[in-house]
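Two chains, two frames, some hints: make the complex.
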Amino acid sequence: MKPGMLMLWVAGATLLAQTDPAAELDRVARTATAMVDGDVCQRIQTKRSLEFLFKEDSRDKYVASDNFDVDHEAYIQTKKTLMRLSKLCAGECDVNLWMPLAADPRQIQILIRNVYEMSSFWQWGKLFQPTPAEMKRVLSTGERVTVRGASRKISVLAPAYNSLGDIVGLVEVVAEGQRDLQENVK
Amino acid sequence: MLLLSFACDCNAAELLALPEYLRPDPFGKVVEADRAAGAAPARSIVLEGARAGFVSCHLIVSIAQKGAYRLQVFPFAESSGLQAELYREWYHYVPKSGKYFPDALVPVAGTVQSKLPEPDNRIAAQTAQGYWLDVWIGHNTVPGVYRTKAVLKVDGQESTATIEVRVLAAVIPPEDAVTMDHNTYGTSWLASDYPVLSRSGGGKFYLSDRFFDLIHAYHRVFYEHRGAFHQLGYGHGGKVGPEFAPALAGTGRTKGIADWTLFDRHYGPLLDGSAFAKTHIGPRPIKLVYLPINPEWPASFLWWGEPGYEREFVNVVSAMDRHFREKGWTNTRFEMFFNHKKRYKAFPWDGDEARFANDLPYLREYHRLLKLAVSADSPVKFVFRADVSWSLEREIREFAGVIDLWVCSHSGMSYLPDAPRVLKSRGDMVFTYGGTPEVTEPSSHVTRDVLWPWVWGTDGFVRWLTTAPGPDPWFQFEGGGETMVYPGDRFGIGAPLASIRLKLERNAVQDVTLLNEFRKTLPIERLRAEAIRRFNGTELKDWYAPRPAYADKDPMELTNADTPQAPSPKFDKELDAGAWQRVREYILTLAREEK
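From first to last, the protein sequence lines stand for chains A and B. Per numbering that gives the first Met the number 0: the first sequence = residues 0 to 185. Per numbering that gives the first Met the number 0: the second sequence = residues 0 to 594.
This is chain B alone, in the form it adopts within the complex (with noise of 0.2 Å):
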């Protein structure tokens, strides 16, 4: 939480700060796409939380001359339970805007020596440096008023900047009330990302620890930011990368799995949370995981509709299932998903977004092999996932007890208002999909997707691709729609670099598990009544488009034209970058009333 004070009279060399969602550019302004009337940097803040969570802002180095500086972000009281973390923000040039925009943050120590115009981001009129400051609050806190300051210096002048942190007795749980997920696919590009780590230290990369490290890595980044990771392991043709599966070998009746090595080292620390020991929010095993399963494996599409097939099947993932319990792989969901579209030609029905009637016997039959290999009584929770755009009610209808886990079209929910609670009351799970606000958005827009599935009460929002930065991110950068990370590699380091988005994300699903606690108290209707109210100054209905003519139609009628009808620009061109600081304040202040 935040408060402005001493607007800035800008001097030779001056360290100010800005909220989180005004994102500084590298002239000592805020990005157009954030502007509001009224905000400007300031030479102190004041940040408001709830205690397992973190605060953020913006510190700015502004410097009129080109030259060195030196800022020093001093610690918190060790006895505080406070901790900050800071990092350079990168400034991307969007050629599409002409336009730079921070987003990549790169770690740095609590004393960064630099100068300005940093040399690295190459921007010759540069005049202010943006620095992310993240502070986590722990679990142990004890609630009260915390101090700390930065201080820039350059050539013997001394600028400071004050930070206020007000620590409410309120803890966010550990379970986040939507669960934001990351999609990715495969491992190919993590050797083109980062070039110096795969051909360092010899032998094969994709044999190496260092991979290895590095996919751990990237669970890990999304993991300490409140999200989810999902990595599909298999191609379009079935396919499977040898770090997704375990090795299989024979065939029909003898077709079993020969060795787990590279599973257990990939999978290994997933599933048992090790990965995660040295997280803030501590190890706990990841919430889902694709299985490899696909129509190639593990069992041949040669035996398709004989006997093998099934032998092959059910040999393999009930060694799955009993692999899993022994380990005690038991909190995580493993989901048989089937990615493959017909229009990739490999196989003659689509898995994904399944549109075609004749194309859904096959899920059935899945279903049945699924429940063959797996034994009643497994602790082992395998789930049936079904990606779904087209037909979406039929499929709600017809796929009762088969599917259990749902990721939706955002549109083909949105007229779809009772699908939530009718999937919920099975046990599904129920997910939307889409993309990933770009840079070039005001900064809110990445919050929108947080709220809105609980506004809706699905478990949460599937971002579909989101480490595939493009060709150059860093100095012709396309916008970031489908990344919220980027490849730490040309900063020496082996791991991906948070994004200032990932991070809003971050804030924004701490924000809604706190509010979401308040049911406890208040009824949720006014709980999200208020919020949405708060956020772009909506009712509930508005978050729902009405029934299109369209829907009753078949799916092999409908073309991506037929969409429902678009929602109120307040969703989108009116969306300002204030809109989720609205919705925390109103989070705060129940907080804060609470004992």
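Looking at chain A on its own, in the form it has when it is part of the complex (with noise of 0.2 Å):
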């Protein structure tokens, strides 16, 4: 591409994303695929805290939730990954990673969230949730998809690689037009 060519595109980039969000955040969902390190985030939770992740028990309904728990080196690891991410945003936004289950595919939990505590899927307190057909998408195409939802929220959804090449996870970089300064304060 001739540099002029280029600042065009770059210009034109710009203004798309000046006059749709979606686009910026498309901009950052694109670069969060690149810099989230798929073997990393396969190594946030610990293999006993994946054991006890479906288990039920009469006598103890937080036995899961209870038992929830991370290798910290990995998490913060990538915690500090999708922060930066979400630096590139011109406006407030968070960068979530999920991670679907391999005991049931069906099945995908948030895995980080961060300080905004904006997602347009996690159903608040849920270790894990069946997989939206958005996200069932990316898993499968690798694509990238963008979905707006209420409060004028709006998430883009990319993969996550790790070194095999495999989509691991997606990361969820969402802002909200309107966010609720209070929301999720509890």
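Simulated from the structure, these hints should not be mistaken for lab results. Possibly wrong hints are sitting among the right ones.
What the hints assert, rightly or not - Simulated DEER-style distance windows between Cβ atoms:
1. A/G176 with B/A276: 40 to 46 Å
2. B/G426 with A/G148: 49 to 55 Å
3. A/T140 with B/P360: 30 to 36 Å
4. B/R518 with A/L49: 52 to 58 Å
5. B/P545 with A/N161: 49 to 55 Å
Don't be surprised by glycine CBs; every beta carbon is placed ideally from N, CA and C.
And the structure:
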């Protein structure tokens, strides 16, 4: 690409981002695919915690959540990457990590959330939940998917790859047109 | 204190009275959970109490036929120092029991014009309406006997109830023997609980005086009921409500406080006590308050483990220390408390109810940071609070000098009788925590949580959630296990309404505070033994559980099914509504003997 054309492309992309916030989130999501280390992501939840994830005990309804645990090093490394990615947004955005569950491919869990506590998908307090169709699409095709939800919320989903080239999870880059500053302070 | 006389021979319209612990239903009877042999409404009532406190009872308007009525409670002589305050009792229908229970208290004037059935309560067969009467006995009231009357008028006929208040010389000390703490989270629920208030007046509600006044009103309702109110200001991912923290700016070396405006609007009147200027017990700063500190505030978690984290933390917290000093906010304990749990997927360690051993070093690091930030000679009381349920013994042992405010699970504390003494000998504060008895339980159950800390020698009890009445508390009530107050919005009141349970709790706190004073002249063991004997026929040993076998296991091997031996049914199923009244009679006997 010639310099002149590149400048034109950059100017066009900037203009697009200014007029359509989803375009900017998409740019961050695309970067996230490059930056998020899927191998590290796969090491986040401990083996013991995974063993408890689907357990049910009539005498202990919190058995799964009370045993939820993560590898601190893998978690922190990935969370910091997600936090850095969120700095690429012009406004306030969160970059969340979602990981499908090998023990039940119909289910997915959010594994890392961030400071604005935004998500178009997370059911508050759920350890895991059925995989939304948009996420299935990302996991199966590697495409980035844009989702527009309530409260002028926009999420862009993008795949996270490991060293084998497998899609092992996805990131959700999310922003809200009108943030509720009191929501989720609980 | 109370005596009954002249049992009722109910006629067409009658005004009757009941002691505070016998809650009336909307059909002229005592709710089943509170019924006791021989207890019945009466035409006169005697209340007895110490000065600087309340005495209370129910007044019941009974009308056989539907129609209008007028109730007038005559004030006590102005010179008496007694002030009567009247509240209409709302009857909540509880579907799971199929019954009505009074709990929310709507303030009314001393003269009430209304009718039965009460139109807004929508109980077609209602024949009785309860009113809660609070009588404040001023600090300077001359001991003696005072009388007033309440008069019901229906179709030109009158029914009169006499109210006698016997004021003792004893004065309830201003410092409570136990602190009943009432917890909540954030403020997002205020807009939905107060749809009228939040939409009125224009502008943005969450920046308006209406909003801050409402927060202060929540503090005030608990303060007036001799309790504390905690409002956590951040989420599990570290999102801080803007009214809970000063606004920050900068990063790394330059991170600092940019604006105190919202913080000071929120906390200023609470920390200097001016929010409580018009209360009976007078203005004092709140005892305890959460700080907004969490793994993401004030330092960004992005810098965790790096020099920038320490710099940001110290910059901001030391500026808070200076600000609090400048403001003179030196009477309140500012709590650094980590509420987040890793199950909510924002941080890798549990701050609340830590269980995993490798989570505990984070607490040590934050203790180090707090020490760095706050100068050693600061008069501001920064404390490090931990809520502990899995490994209390381990943490008591390992966190001496680190944690200084302990909020412990009741069951975990139940088999560690020496723990309160150990912790308090270090200068720590110790609370236990739990829920709130529902309205369907006998009225005395709410007082059990007042007596227990006093018996154990802890500082108080934290009710973990006290402002969530559920989706329809008025007509489809879930029981109130997560609330002790109700939004006043539907009655045009921009403040929370107290509940009967909160009033019963307050009166019990008054009583136990007065009882605690007798430690100066009588062995506390004797006071405790007699109080609990009267409460539920138990001995001190019954208030503790034997050490369970699981206590020596690794916390990772435990489950929620591992609980200590259940206490005797005397603490629950067999605990009758009159339990606290028996304790009160003991306290009043002691107080009467005091010159």
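So, going through the hints one by one against the coordinates:
1. A/G176 with B/A276: 40 to 46 Å: Once the Cβ atoms are compared, 42 Å apart, the range 40 to 46 Å for B/A276 and A/G176 holds.
2. B/G426 with A/G148: 49 to 55 Å: With a Cβ separation near 51 Å, B/G426 and A/G148 satisfy 49 to 55 Å, so the hint holds.
3. A/T140 with B/P360: 30 to 36 Å: 42 Å, violated
4. B/R518 with A/L49: 52 to 58 Å: Since B/R518 and A/L49 have Cβ atoms about 54 Å apart, the given range 52 to 58 Å holds.
5. B/P545 with A/N161: 49 to 55 Å: 52 Å, holds
Going through the hint list in order, the structure does not satisfy hint 3, though it satisfies all others.
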